Amino acid sequence: MRIVEKTQLMTATEIDRTVQRLAHEIVEKSGGTSNLALIGIRRRGVPLAKRIAQAMRGIDGVDVPVGILDITLYRDDLSKVAAQPVLQSSDIPFPVDDKDLVVVDDVLYTGRTIRAAMNGLFDLGRPKRVRLCVLIERGHRELPIEATFVGRGVQTSDTEIIEVRLNEIDQEERVMLVERVP
Amino acid sequence: MVVPFRFGHMLGIEPLSAEEILFLLDQSKPFQEIQRHPLKKLATLRGKTVALAFFEPSTRTRISFATAAARLGADQMNLQAESSSLKKGESLLDTVRTLDAMKPDCIVMRHSSSGAPDFVARNLSLPVINAGDGTHEHPTQALLDALTIRDRRGTLKGLNVTILGDILHSRVARSNIHLLSKFGCRITLCGPAMWLPRELECLVPAGTSIRRVTRIDEALEGADVVLTLRVQQERLHEPALALDEYILQYQLTPQRLRRAKPDALVLHPGPMVRGLEIDPAVADGPQSCVLEQVTNGLAVRMALLFLMIGADSSSERDSSHAAD
Amino acid sequence: MLLISHGRVLDPASGTDAPRDILLDGDRIAAVAPHGQLASRAQGAELFDAKNLIVAPGFIDLHCHLREPGGESSETIETGTRAAARGGFTAVCPMPNTRPVNDNASVTRSILERAAAIASVRVWPIGAASIGSKGEALAEIAAMKQAGIVAVSDDGRPIATAKLLRQVMEYCRALDLPVIDHCEDSSLFAGAVMREGKQSVRLGLRGMPAATESLAVARDVQVGELTSCRLHIAHLSARSSLELVRAAKAKGLPVTCEVTPHHFTLTDEDVQYDTRYKMNPPLASREDRDALIAGLADGSVDAIATDHAPHEPALKDVEFDRAPFGVTGFETALGLGLELVHAGKLSLMRLVELFTLGPARVLGIPRRIAENEPGDLTIFSTEHKWTFRAEESASKSRNSPFDGREFRGAPMATIVAGRLAYQR
Chain A
319 MRIVEKTQLM TATEIDRTVQ RLAHEIVEKS GGTSNLALIG IRRRGVPLAK RIAQAMRGID
379 GVDVPVGILD ITLYRDDLSK VAAQPVLQSS DIPFPVDDKD LVVVDDVLYT GRTIRAAMNG
439 LFDLGRPKRV RLCVLIERGH RELPIEATFV GRGVQTSDTE IIEVRLNEID QEERVMLVER
499 VP
Chain B
548 MVVPFRFGHM LGIEPLSAEE ILFLLDQSKP FQEIQRHPLK KLATLRGKTV ALAFFEPSTR
608 TRISFATAAA RLGADQMNLQ AESSSLKKGE SLLDTVRTLD AMKPDCIVMR HSSSGAPDFV
668 ARNLSLPVIN AGDGTHEHPT QALLDALTIR DRRGTLKGLN VTILGDILHS RVARSNIHLL
728 SKFGCRITLC GPAMWLPREL ECLVPAGTSI RRVTRIDEAL EGADVVLTLR VQQERLHEPA
788 LALDEYILQY QLTPQRLRRA KPDALVLHPG PMVRGLEIDP AVADGPQSCV LEQVTNGLAV
848 RMALLFLMIG ADSSSERDSS HAAD
Chain C
4 MLLISHGRVL DPASGTDAPR DILLDGDRIA AVAPHGQLAS RAQGAELFDA KNLIVAPGFI
64 DLHCHLREPG GESSETIETG TRAAARGGFT AVCPMPNTRP VNDNASVTRS ILERAAAIAS
124 VRVWPIGAAS IGSKGEALAE IAAMKQAGIV AVSDDGRPIA TAKLLRQVME YCRALDLPVI
184 DHCEDSSLFA GAVMREGKQS VRLGLRGMPA ATESLAVARD VQVGELTSCR LHIAHLSARS
244 SLELVRAAKA KGLPVTCEVT PHHFTLTDED VQYDTRYKMN PPLASREDRD ALIAGLADGS
304 VDAIATDHAP HEPALKDVEF DRAPFGVTGF ETALGLGLEL VHAGKLSLMR LVELFTLGPA
364 RVLGIPRRIA ENEPGDLTIF STEHKWTFRA EESASKSRNS PFDGREFRGA PMATIVAGRL
424 AYQR
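Protein chains in written order, with the working numbering: chain A, 319 to 500; chain B, 548 to 871; chain C, 4 to 427.
Think of the hints as simulated: they come from the structure by calculation, not from any bench. As the structure is a computational prediction, the values presented were derived from the model and not from experiment. Ideal Cβ positions, reconstructed from N, Cα and C, are used throughout, including at glycine.
The calculated label-pair distances, taken between Cβ atoms and stated as ranges, are:
id, chain 1, residue 1, chain 2, residue 2, range
1, C, Arg411, B, Cys749, 26 to 36 Å
2, B, Ser659, A, Ile487, 42 to 52 Å
3, C, Arg411, B, Pro739, 46 to 56 Å
4, C, Ala120, B, Glu785, 47 to 57 Å
Quick list of in silico lysine to aspartate or glutamate cross-link-like pairs, EDC-like style, CA-CA up to 20 Å:
id, chain 1, residue 1, chain 2, residue 2
5, C, Lys201, B, Glu748
6, C, Lys54, C, Glu386
7, B, Lys588, A, Asp441
8, B, Lys588, A, Asp395
9, B, Lys588, B, Asp622
10, C, Lys201, B, Glu746
Looking from chain C toward chain B, a few residues come up when the C-beta cut is under 7 Å (computed):
id, residue
11, Lys201
12, Val204
13, Leu206
14, Gly207
15, Leu208
16, Tyr276
17, Asp320
18, Val321
19, Glu322
20, Phe323
21, Asp324
Generate coordinates for the entire structure from the input sequences, incorporating the hints supplied.
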């Protein structure tokens with residue numbers, strides 16, 4: 319089984335532009351940012367959430383808090399993974415009750431990660447609203463979950479994988495469509 | 548990121564490397580965090596069953612493991628020695644085989660015979676967690692002690708640790724000696740001479756600084772950590788030591804504690820007998836870490852259960868079906 | 004008639020180490036001569052080709068447990084003696100800790116009757132020193148001697164007090180019986196399951212120091228000196244005990260001792276929590292083991308005895324603390340002894356002596372290869388490679404620490420009273 323690169327979906331510049339655009343969209347569609355908070359899902363949702371928050375600071379000086387959520391404990395498919403993932407802490411340094419949350423992740427696929435994220439958030443309290451912001455939306459949903467804020471929508475097949483690379487984690491910056499080939 | 552270590556059983560600290568221990572402590576951190584949530588229940592181990600087989604009476608450790616399992620969403624099977632068929636002469640092997648036939652995912656056991664969990668692990672194909680065997684080891688206690696020390700001190704390396712009490716008969720002492728010696732701690736063992744045989748010094752790797760001292764003042768000098776052990780009053784096959792003798796020579800009092808470093812930590816595996824091995828002022832004082840130990844015990848045990856039975860190691864699905 | 008030809012005869016009594024043929028007639032040795040010279044006398048005899056094999060006097064095991072009567076689920080006289088024959092033994096001395104204890108003539112007779120009917124080798128019972136081995140009153144030793152015991156012991160336990168030991172020894176001296184003692188200080192022994200040392204501390208198991216044995220040896224030697232009775236120390240395991248025996252011998256006292264193969268092979272470091280390594284006296288330190296080997300070589304140790312102690316799996320498949328003490332030993336004794344020979348620590352003649360003449364002297368009987376002697380021979384190879392598997396043992400029990408061990412050298416045939424009791 320090999321991984322073969324098919325196309326580059328986004329360059330570094332495109333990623334940056336998309337992040338800026340998403341930040342604007344969130345600000346516009348939130349009816350006020352005083353109660354807003356971003357929750358980045360480990361791993362790559364975290365740098366994305368931080369960049370969006372940074373962009374928001376540039377827009378009209380809004381300072382939106384960023385929390386970090388590790389969803390490993392909330393997954394419904396832990397028994398099925400071949401390689402057990404390392405557990406990391408969540409870090410949400412503000413109360414969740416009554417907050418207007420935007421969950422940020424790199425790719426929306428089956429929706430199970432987001433379901434786990436919601437389980438985790440609701441263990442912490444009762445947010446006022448939870449919306450989803452993703453860099454790439456690729457279809458194939460298995461649960462009734464939708465993203466309010468989408469960087470780019472991509473049609474994919476089951477054998478294809480979206481690989482997001484971000485400087486903070488991968489020391490490179492791009493989004494690729496790759497395929498598993500027997 | 549994939550876990551670097553797998554634990555088929557957790558029978559003792561002795562065979563673990565320093566890296567494995569640090570990994571276990573790091574993996575305990577998210578579970579410390581969860582204790583602060585309003586809703587502490589996860590569904591992570593839903594559908595899994597943890598068998599708790601306590602052949603020796605225990606309240607605190609049993610409740611700690613039971614709570615750890617429950618908060619992870621696991622079911623439990625509960626065996627308690629007092630009300631078990633062991634009284635009717637059923638052998639240990641038959642008892643655990645009966646439990647095993649009901650297909651738990653792991654067995655947490657405490658037993659009065661050293662080596663009993665090893666015996667069970669050799670005879671069943673089930674992960675075994677040792678919750679204390681005879682005078683041999685109590686690995687989760689040492690791990691929670693280490694977590695407590697590391698949280699308060701920032702490190703486990705090179706600390707002066709004094710262990711106080713009946714070292715020879717203490718599994719808590721042995722596990723702690725094994726663990727702390729892997730981090731270059733300087734270990735002082737202190738207690739009545741007949742409970743401090745020379746062979747205790749052979750428990751640690753060559754080059755470890757370890758010494759036996761019968762005078763408490765000398766033992767506490769410059770300590771960063773003081774680990775106080777419980778005193779067992781009745782001993783089978785041994786003449787008992789008068790409690791007043793013990794208190795006179797070995798009770799941890801505020802005066803004696805002053806010989807240690809000003810911010811020295813006081814740990815105790817519990818339950819404490821205030822006025823026996825520990826003065827109430829020390830037990831409830833600012834240096835005492837006993838309550839954190841209990842909280843950390845829960846975190847460590849949750850981490851261990853999560854690591855040992857969280858993922859099905861026989862699964863063949865590959866990670867592309869992992870989080871998207 | 005049975006002709007053993009082409010063998011290399013090793014006879015410690017005469018010091019013979021030479022190629023000899025042996026003719027057995029009935030239950031006796033009829034003739035011993037250089038190869039070929041017995042051809043005419045041996046007309047019509049069965050032939051056994053002992054080429055490349057050692058022919059020794061029949062091995063004697065001074066110390067074993069056959070469990071019958073009372074413990075038949077672990078072993079019987081039939082299965083135990085079959086295992087003994089496979090180990091090359093022609094005679095075994097079962098200890099009296101059966102149920103009931105062999106403390107009177109009728110139990111002795113029932114054992115001997117059973118043995119006569121079914122045993123593969125000679126059975127020479129050891130009678131109890133005290134009634135029930137309880138350490139209170141003297142057992143019916145004279146009646147048992149008449150019935151056929153060859154020695155007296157409370158094995159399983161020490162003879163309880165110095166006072167009782169003195170009485171037993173006075174009595175046995177008059178009856179010309181050796182007293183065999185399981186040397187152990189009860190208070191140091193209490194609750195212990197292995198030798199006290201680094202390993203016991205590491206494993207969290209209660210240990211007993213070497214003094215547990217040597218204190219009792221010192222007692223026995225001094226009581227023995229008061230009585231001039233023959234004293235034999237069972238399963239000696241510690242260097243300190245051996246030194247006491249050496250000193251006693253140097254003084255001319257009639258003190259002898261035996262060592263088991265597991266004690267000259269293993270140490271306390273071999274103990275993990277596997278109950279196949281749990282026996283009493285326990286496996287000792289390296290220094291002890293090395294001292295025992297030196298004692299085997301220099302004559303301070305008189306005999307190798309197996310202390311074959313079978314326990315059925317249900318008894319041994321438990322936590323270490325709860326398991327009974329004891330390991331089997333008939334079938335691995337020679338192989339383990341040969342390991343010492345192959346390593347140059349013991350001469351082959353000396354090894355044979357430890358299995359034959361040594362034990363015979365303790366019992367006060369002859370054991371040699373000569374005309375008119377009993378037709379007991381042990382024929383073995385020093386080279387045959389084999390692996391001991393406990394589940395293939397003739398014993399009913401499996402509790403051996405040597406399961407799976409590869410050996411170089413094995414018993415090839417055991418001849419008891421002129422008949423082949425075992426052939427590989």
